[in-house]
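Sequences are here, hints too, so could you generate the full structure?
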Amino acid sequence: SQQGEEDPQALSIQEGENATMNCSYKTSINNLQWYRQNSGRGLVHLILIRSNEREKHSGRLRVTLDTSKKSSSLLITASRAADTASYFCATVDPGAGSYQLTFGKGTKLSVIP
Amino acid sequence: DGGITQSPKYLFRKEGQNVTLSCEQNLNHDAMYWYRQDPGQGLRLIYYSQIVNDFQKGDIAEGYSVSREKKESFPLTVTSAQKNPTAFYLCASTTGGGNQPQHFGDGTRLSIL
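Read top to bottom, the protein sequences are chains A and B. First residue of the first sequence? That's 1 in the working numbering, and the numbers climb one at a time after it. First residue of the second sequence? That's 1 in the working numbering, and the numbers climb one at a time after it.
Just so you know, the hints here were simulated from the structure itself, not pulled from any lab data. The beta carbon of each residue, even a glycine, is placed where N, CA and C say it ideally should be. Fair warning: there could be bad hints in the mix.
To be verified - If you want a taste of the chain A side facing chain B, the calculated C-beta under 7 Å gives, among others:
| no. | residue |
| --- | --- |
| 1 | 43 |
| 2 | 48 |
| 3 | 59 |
| 4 | 103 |
| 5 | 104 |
Written out as structure tokens, the structure reads:
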């Protein structure tokens, strides 16, 4: 079953603007991961945040995690046309087998030059 | 370069036919996964394998079969019992279960003739 739900489903912004995507999940987690998928390609791992962490940065990416609200957000600052892709959150449920990732349906981001 | 190679990129299946999708990795990863992605959807887990000669069903294993005879190879067979096989199939691997990022191949797009 799909645990993560991204919001919004689609987002269109101008180059240079910031993009924020949200992910909500239902059960307790070990960690939450964000991935990017360019059209017709495989997923690329962006960032992993553990359940005891609240915020993590990687370059222009900032991820927050609020376990009390069961939600996470991905912020991309100073967006570029090359950031156009679908973004997925994925969670590891400690009760469902530690090798299983459960993915949301994704947010489709379009960055207009 | 280390990575995951999926082949073929495109595959067509006739009625009643079994087809096999190839997935090879040279990352020396123990765990490998197969996912199915339908248009506008997230990834759903078909099968995964933590070690050679062992594999587990995911959420949608019916109509699919796998083998794991070698560490670097995890082929997926889509059998004639899978009545709706048209989808994008993604293979992934990881070194340490759910607490490590997954590395993905570039997918195989399967269609019905």
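Exercise. Hints broken by the structure, by number, lowest first?
Worked result: 3
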